[in-house]
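Engineer: Listed in order, the protein sequences are those of chains H and P. Those letters in the first sequence? Residues 1 to 113, per the numbering used here, in order. Those letters in the second sequence? Residues 1 to 118, per the numbering used here, in order.
Hints should not be assumed to be uniformly reliable.
Within a straight-line C-alpha distance of at most 20 angstroms, the following computed EDC-like cross-link-like pairs (lysine to aspartate or glutamate) qualify [stated by the list, open to error]:
#, chain 1, residue 1, chain 2, residue 2
1, P, Lys9, P, Glu67
2, H, Lys42, P, Glu67
3, H, Lys100, P, Glu84
4, P, Lys40, H, Glu45
These are calculated hints, taken from the structure and not from any lab test.
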Amino acid sequence: QKEVEQNSGPLSVPEGAIASLNCTYSDRGSQSFFWYRQYSGKSPELIMFIYSNGDKEDGRFTAQLNKASQYVSLLIRDSQPSDSATYLCAVVMFSGGYNKLIFGAGTRLAVHP
Amino acid sequence: DTEVTQTPKHLVMGMTNKKSLKCEQHMGHRAMYWYKQKAKKPPELMFVYSYEKLSINESVPSRFSPECPNSSLLNLHLHALQPEDSALYLCASSQVSRSDRGPENGYTFGSGTRLTVV
Chain H
1 QKEVEQNSGP
11 LSVPEGAIAS
21 LNCTYSDRGS
31 QSFFWYRQYS
41 GKSPELIMFI
51 YSNGDKEDGR
61 FTAQLNKASQ
71 YVSLLIRDSQ
81 PSDSATYLCA
91 VVMFSGGYNK
101 LIFGAGTRLA
111 VHP
Chain P
1 DTEVTQTPKH
11 LVMGMTNKKS
21 LKCEQHMGHR
31 AMYWYKQKAK
41 KPPELMFVYS
51 YEKLSINESV
61 PSRFSPECPN
71 SSLLNLHLHA
81 LQPEDSALYL
91 CASSQVSRSD
101 RGPENGYTFG
111 SGTRLTVV
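With the sequences and hints as input, model every part of the structure.
Structural biologist: In structure tokens, the structure reads:
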């Protein structure tokens, strides 16, 4: 089982719709979860992070975390063509007294006009 | 300053060359990271430095040699690379966190060095 799993997509949504991106993780002890957006050929840019169960909203983005189900999701409301990118879920894992950020494979989102 | 600066942005090197990638940050972060990202794949962790000491090596081949000469600078020395080592190399930094929650303000990534080995 991979440490962080995402559906690779592509996920295609029409402009103005809600895009829903999902991620599961294997380490039940993980406490911190990040969503990054990456455009082709560019470095990842942080969208938001979440530590607590429930929802966290930031503008058009909402992160949802369910630690019991080991599941984290990202909702993008009013999707725009400029949101077309790969969305990477990342989980902090604790190993030997140090933490490390592990990425899922990413979901490619395509927003069409 | 809230940036991680990586140089060079692009590098082409032969299999017998020796080159170095450089990463610099002035955010007072004491944890720094090297990631490797191949096309259409996620970033893969290579090394973690904490307080200028190597704390995690993810079984990276010895042809990659990291160095952290001070708290602001992280280098990756490259020697005898193979064409399959061609990738985007990303540097990141964060506050040090010894808890399983990770650093409070997350991780800041540089824009990367696009490496091509010929």
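Engineer: It remains to establish, for every hint, whether it holds in the given structure.
Structural biologist: Status of each hint after checking the structure:
no., hint, result
1, P:Lys9 with P:Glu67, "holds (19 angstroms)"
2, H:Lys42 with P:Glu67, "violated (24 angstroms)"
3, H:Lys100 with P:Glu84, "violated (25 angstroms)"
4, P:Lys40 with H:Glu45, "holds (16 angstroms)"
Consistency note: the structure conflicts with the earlier hints numbered 2 and 3.
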